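Make a model of the complete structure from these sequences and hints.
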Amino acid sequence: MTFKKLLFCLFVLFCQLISAQNDSITNLKEVVVSDRTLYSNNKSQSIQMLNDSVINTNQSSLTNLLNYNSVLYFKEYGGGMLSTVSFRGTTASQTAVIWNGINVNSQLTGSADFNTFTSPDFNTISVKAGGGSVSYGSGAIGGTVHLNNNLVFIDKFENNLRLDYGSFNTIAVNYKMALSNKKWSTQVGFSRNSSDNDYDYLDLYTWKGVQRKNQNGQYATTNLSANVGYKIKPNAVLTFYSQSSNTDRNLSLVSESDSKTKYINTFSRNLLEYNATKEHFSSNYKLAYLTEQYQYFENIDSNDFSFGKSETLIAKMDVAYQLLESIKLNGILDYNRTKGFGTSFGDNTRQIGAIAIKAVENYNKKWQNELGLRKEVSSDYDSPFLFSLGSSYVFNSFYNLKVNLSRNFRIPTFNDLYWQTGGNPNLKPESSYQAEVGNVFTYKKFTLSETLYYIKINDLIRWVPGKGDNWSPENTDRVNTYGSETILGWANSYGKNGFAVNGTYAYTVSKNVDTNKQLFFVPYHKATASFAYSYAKFSTNFQYLYNGFVYTRSDNDPNEIIEAYQVSNIGIDYDFGFFNASKLGFQVLNAFNQKYQSLEDRPLPGRNFDMYIILKF
Amino acid sequence: MKFSKLFFIALVSVSVFVSCTNEDEVKVDSGDYNEGVLVLNEGSSGQGSVSYISNDLATFTQDAYTAVNGTDLLGKYTQSIFFDGDNAYIIAGGSNKITIVNRNTFKIIAKIESGLASPRYGVVKDGKAYVTNANTYADYGAPADAVGYTDDYVAVINLATNVVESKIELKATANRIVSENGKLYITEPYNSDKIIIVNPTTKALETSINIGSDADTMEAKDGILYVMRSPYGVAGEIVKVKLSDKSLSKITFPDALKGAKNLDIEQNTIYYTAGTSVYGMNTSATEASSTAIVSYTSTSAYGKMYGFAVRNNHIFIADGGDFTANSKAYVYSLNGTLEKEFTVGVGPNGFYFND
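These protein sequence lines map, in sequence, to chains A and B.
Position 39 of the first sequence, counted from 1, bears residue number 38 in numbering that gives the first Met the number 0, the numbering being contiguous throughout.
Position 199 of the second sequence, counted from 1, bears residue number 198 in numbering that gives the first Met the number 0, the numbering being contiguous throughout.
Please keep in mind that the hints were generated in silico from the structure rather than gathered at the bench.
Remember, it's a predicted structure, so these values are computed and weren't measured experimentally.
Take the hints with a grain of salt, since some may be wrong.
To be verified - In silico DSS-like pairs for lysine-lysine, Cα to Cα no more than 25 Å straight-line: (1) B:Lys-106 with A:Lys-212; (2) B:Lys-182 with B:Lys-127; (3) A:Lys-516 with B:Lys-327; (4) A:Lys-516 with B:Lys-303; (5) A:Lys-207 with B:Lys-127; (6) B:Lys-327 with A:Lys-510.
Unchecked claim - Here are the simulated distance ranges between beta carbons: (7) A:Lys-516 with B:Pro-142: 42 to 50 Å; (8) A:Lys-594 with B:Gly-84: 34 to 42 Å; (9) A:Asn-50 with B:Thr-70: 41 to 49 Å; (10) A:Lys-594 with B:Lys-339: 35 to 43 Å; (11) A:Tyr-284 with B:Pro-142: 45 to 53 Å; (12) B:Thr-201 with A:Arg-606: 55 to 63 Å.
Backbone N, C-alpha and C define an ideal beta-carbon position, used for all residues, glycine too.
Okay, here's the thing in C-alpha cells:
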C-alpha cells in the first residue's frame with residue numbers, strides 16, 4: 000500500500016512539474032479579511048491566531064487542530080465522529096463557530112460539530128476567548144472560533160496541494176488555488192478526507208477474547224469552497240464567499256451488537272459582502288444564505304432516514320462613523336430568518352431582528368476602550384439586553400492589561416423549541432454575565448498571556464424526562480464557571496536553526512449552583528505543548544496534549560470518570576526544493592500508544608502513522 | 000446524542016418492572032449474589048448496570064456485573080431481566096443484546112448478539128425464551144401503517160444453544176410479555192390498544208383482545224390477567240381478562256389516582272402506584288383503594304416510581320433521579336416504614352428476585 004502511495008505521489012509530482020508556474024510574490028500588502036473588526040475591535044480580549052503553518056502541521060480536522068493548540072476541550076464519539084467542544088467550562092452550544100464573520104452553529108442543535116470542518120480550507124483560524132454575543136450573536140458565551148478566508152489583491156497565481164495517506168486507510172486531499180491581481184482576487188479550494196477508521200481498541204477484548212476494534216466508524220468529509228473579491232473602486236470592495244461541505248459518517252459502535260447507523264451532514268454557506276469607505280464613513284453590507292441538513296439512517300442497509308434541515312437568510316448592515324479622531328462608532332442592523340423543518344419538528348420559521356451600537360475609543364496609542372450594546376427582537380422568545388465593555392492598556396513594551404465585562408446569550412434551538420414530542424416553546428435563552436482580566440507579557444520573541452475569568456450562566460437548558468414519558472427541555476440550571484487560561488509562545492532562529500515553542504494551559508471550575516458539583520465533561524486541567532525545530536530544509540515537531548480527568552455523572556461520582564490522558568505526536572518533514580515549497584512529511588500520532596478515550600466506551604486510536612506531501616507552485 | 004438511536008430509545012424507555020416470569024428450571028442456592036434482590040439500572044450515557052441487595056438488606060453491591068466481569072460491556076439501556084434455572088438473562092435494548100450470567104455468581108456465561116432489534120422483555124417456556132423486540136421506531140406523525148408500527152416481533156431463543164432460531168412477526172407494536180397457560184400475552188402502551196395473543200407451539204397469532212390504549216404492566220393470577228391501563232391525563236383502570244373466555248371486567252381508578260401505573264400482585268393484593276405513593280387493593284375488590292400505604296419524597300422531576308415491586312413483605316421503590324447520576328432505591332415494610340435506602344445506578348427501572 001505504501002509503495003502504491005509513493006508511486007501515486009511521484010505521479011502527481013511529475014504532472015505538477017509540467018504545469019509549474021512562475022514564482023509568485025508572497026509579500027502580502029493588500030489583504031481583505033472578511034471579519035475586519037475581529038482584531039481591531041476586540042483588544043480587550045484574548046485572541047489566539049493559528050496561521051497556515053500551524054494548520055499544516057496538524058491533522059486536517061478542526062477538532063485535531065484546536066485540541067492540540069488551544070485551551071478548548073473536546074469530546075469525540077470515537078475518532079472522526081461527532082465532536083463537541085467545551086470552552087471555559089461551558090456547554091457545546093455555548094461556543095460559536097464564526098465562518099467569515101457569520102455564526103454557523105447548527106440552528107437545530109445549537110452546537111457545531113468540529114469534525115465537519117477541515118482546517119486547511121481556511122487561511123487563518125482564530126480562537127477568541129470569552130463572551131462575544133454583541134458581535135457574534137447566540138452561543139458566544141465561552142468563546143468563539145473564527146474560520147477566515149483572506150482575499151489578497153496583488154498579482155499572484157498560487158497552487159497548494161497536500162496529499163496524506165495514513166493508518167486505517169486514511170486518505171486526505173487538499174487543494175487550494177489563489178489567483179489575483181490588483182482588482183480581482185479568487186480562491187478555489189477542494190478537500191476530501193476519508194478513512195476506514197477501523198482501529199484496534201488497545202487492551203480491550205470481547206467476552207470471547209477477541210481483540211475489539213472500532214466498527215462501523217468509516218467516514219468521508221468533502222469540502223468545496225470558492226471566494227471572490229472585486230475592487231470596484233479603490234475604496235469599495237465586493238466579496239463573495241462560498242463553501243459547501245458533506246460529511247458522510249457511519250457511527251462507531253459501542254457494543255459489537257449495536258445497530259449500525261449512519262449520519263450525513265451537509266452544509267452550504269454563501270456570503271455576499273460589500274464594503275465602502277468615504278472620509279469619515281464606512282459601510283459594510285452582508286447578505287448570507289446558509290443551509291444545513293442532517294440525515295440519520297437508523298440502519299445502514301436501508302434507505303430510510305430521518306432528517307432535519309434549516310435554511311437561514313441573514314442581512315446585515317454595519318455603518319461606521321469616525322466621530323472624533325479617537326472615537327469610532329458603529330451602528331448595526333441585523334435581520335435573520337431561519338426556516339427549520341424535518342421529520343421530528345414539523346415546519347417552523349423564526350425571525351430575529353437586532354440592533355447594535357459599538358464604540359471604540361483610542362484614547363491614545365496605548366489605551367483602547369470598547370463598548371457594545373445589542374438588543375434582539377424575536378418571534379420566538381424574549382431576548383436579554385446584551386452589552387460588552389472592555390479596555391486594553393499597554394503599559395510598556397513588556398506589559399499589556401486587558402479588562403472585559405459582557406453579557407451574552409444562547410438562544411433555544413429548533414430542537415429545543417419544536418422537537419416532537421417534547422419540544423418546549425416556552426423556553427428562554429440561556430444568558431450569562433462574564434468578567435475577565437487578561438495580562439499579556441512580551442519580552443523579545445517571547446509572549447505570555449494569562450487570563451482570569453468568571454462567568455455566571457442562568458437558565459441553562461437541559462433535556463429532562465418529561466410529562467407523558469417524553470423528554471423535554473427546561474431552563475433548569477444555573478452554572479458558575481471560573482478559571483484561568485495561559486498561552487505562551489516563543490520562536491527564534493539562530494543561523495539555519497529555527498525553534499518554536501508554544502503552550503497552553505486551562506484551569507476550569509464549572510459548578511452547578513444548586514448542587515455545587517463540577518459539570519460533567521469539564522476537565523479541571525487541560526494543557527498542550529508543541530516544540531518545533533528546523534534545520535535548513537528539515538523540520539521536526541513534537542506535540543503534546545494533557546487532558547485531566549472529567550466526571551461523567553452529574554453527582555461527581557468518583558468511580559464514574561474519564562481518566563486523564565496524555566497524547567503525543569511526532570512529525571518530521573523535508574523540503575525537497577521543487578517549486579516554492581514542497582515538503583515530504585511523516586508523522587507518528589499517539590507515539591507512546593496511550594490507551595485513552597474522551598467519552599465513556601469510545602476508545603480513540605493507539606499509535607498510528609501518517610505521511611504527506613505538500614506542493615506549492 | 001440528541002439525534003441518535005440511543006436518544007430515541009431513551010424517549011421510549013419508560014420501563015418499570017417486569018412481572019414474575021415462569022421459571023422452567025430450578026436454581027441452585029450458592030454464590031455471592033444469591034438470596035437477594037437485583038436492581039436493574041438502565042444507564043444513560045454509560046452502560047446499564049445491576050445492583051445487588053441481599054434479602055436481609057445487610058449486603059449491597061452497587062455494580063455487580065462490573066465487579067465480576069471487569070470491562071465487559073453489559074449494553075446500553077438495560078431494559079429487563081428474565082431467569083431460567085441458574086441463568087439470568089439481561090436484556091440491553093440499546094445494544095441489541097442479551098447477556099447471560101449465572102444469577103448466583105454473576106459470572107458471564109454467554110451473549111446473544113444477533114437476531115435482536117431493540118429487545119424489551121422476555122419469558123421462558125419449555126426451554127425457549129420469547130423476547131419482544133420493538134425493532135424500528137416510526138417517526139413522529141408517521142402514518143399508522145408505517146414500518147415502525149408494524150415490524151415488532153418475538154424472538155424465539157433456543158436456551159440450549161443461545162441462538163435466536165426464529166421470529167414471530169406481530170404486525171403491531173410490542174413491549175411487555177406474560178406467559179400463562181401455554182399462551183403468550185403482549186401489551187404495548189404507546190401505539191396499541193390490544194393484547195396480542197401468541198401460541199408459542201404453533202407460533203401463530205390468535206385473535207387479540209381489544210382493551211384500550213396505554214396498557215402496560217400486567218400479571219396473571221388464577222386464570223385472570225390483570226392489566227394496568229394508564230392513559231395520560233384521564234383516570235386509568237385495571238382490566239381483568241378472564242383467560243378462559245377472554246371476557247373483560249374493569250376497575251376504574253378515582254380521579255385522585257390519575258396516572259396510576261406499576262401493577263404488581265403479591266399474595267392476594269394488587270399493588271400499584273400513583274405519583275409518589277403506593278396503594279394496594281385485594282384481588283377480589285371492586286373498587287380501587289386511594290389510601291396510600293407508603294409515600295416517598297422525590298426530587299426527580301419526572302422519574303418518580305421509575306421502578307417498583309412488592310415481594311417478601313417489602314415494598315421496593317426506585318427513583319429515576321436526574322438520569323445522569325446514580326439514583327436511589329428504597330425498601331419499605333408493608334406497613335409503610337422505611338427499612339433501608341441504597342444508592343444504586345443511573346435510571347433504576349426494575350427489581351428482580353434471586354430467592
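Here is what the structure says about each hint:
Restraint check for B:Lys-106 and A:Lys-212: the C-alpha separation of about 24 Å stays at or below 25 Å, so the hint holds. Proximity of B:Lys-182 to B:Lys-127 is assessed by CA-CA distance (about 13 Å); at most 25 Å being required, the pair is judged to hold. A threshold of 25 Å between alpha carbons decides the hint, and for A:Lys-516 with B:Lys-327 the separation of about 18 Å falls inside it, so the pair holds. With a C-alpha separation of about 23 Å, the suggested pair A:Lys-516 and B:Lys-303 falls inside the 25 Å cut-off, and the hint holds.
The hinted pair formed by A:Lys-207 and B:Lys-127 meets the criterion: a straight-line CA distance of about 23 Å does not exceed 25 Å. The straight-line distance between the Cα atoms of B:Lys-327 and A:Lys-510 is roughly 23 Å, inside the 25 Å bound, and the hint therefore holds. For A:Lys-516 and B:Pro-142, the hinted distance range of 42 to 50 Å is satisfied, since their beta carbons lie about 45 Å from each other. Against the hinted window of 34 to 42 Å, the Cβ-Cβ separation of A:Lys-594 and B:Gly-84 comes to about 38 Å, which satisfies the hint.
One distance hint, 41 to 49 Å for the beta-carbon pair A:Asn-50 and B:Thr-70, holds here, with the actual separation near 43 Å. Range check, A:Lys-594 to B:Lys-339: Cβ separation about 39 Å, and the 35 to 43 Å hint holds. Under the hint 45 to 53 Å, the C-beta atoms of A:Tyr-284 and B:Pro-142, about 47 Å apart, fit the expected range. At about 57 Å, the beta-carbon gap between B:Thr-201 and A:Arg-606 stays in the expected band of 55 to 63 Å.
The earlier numbered hints are all upheld by this structure, with none contradicted.
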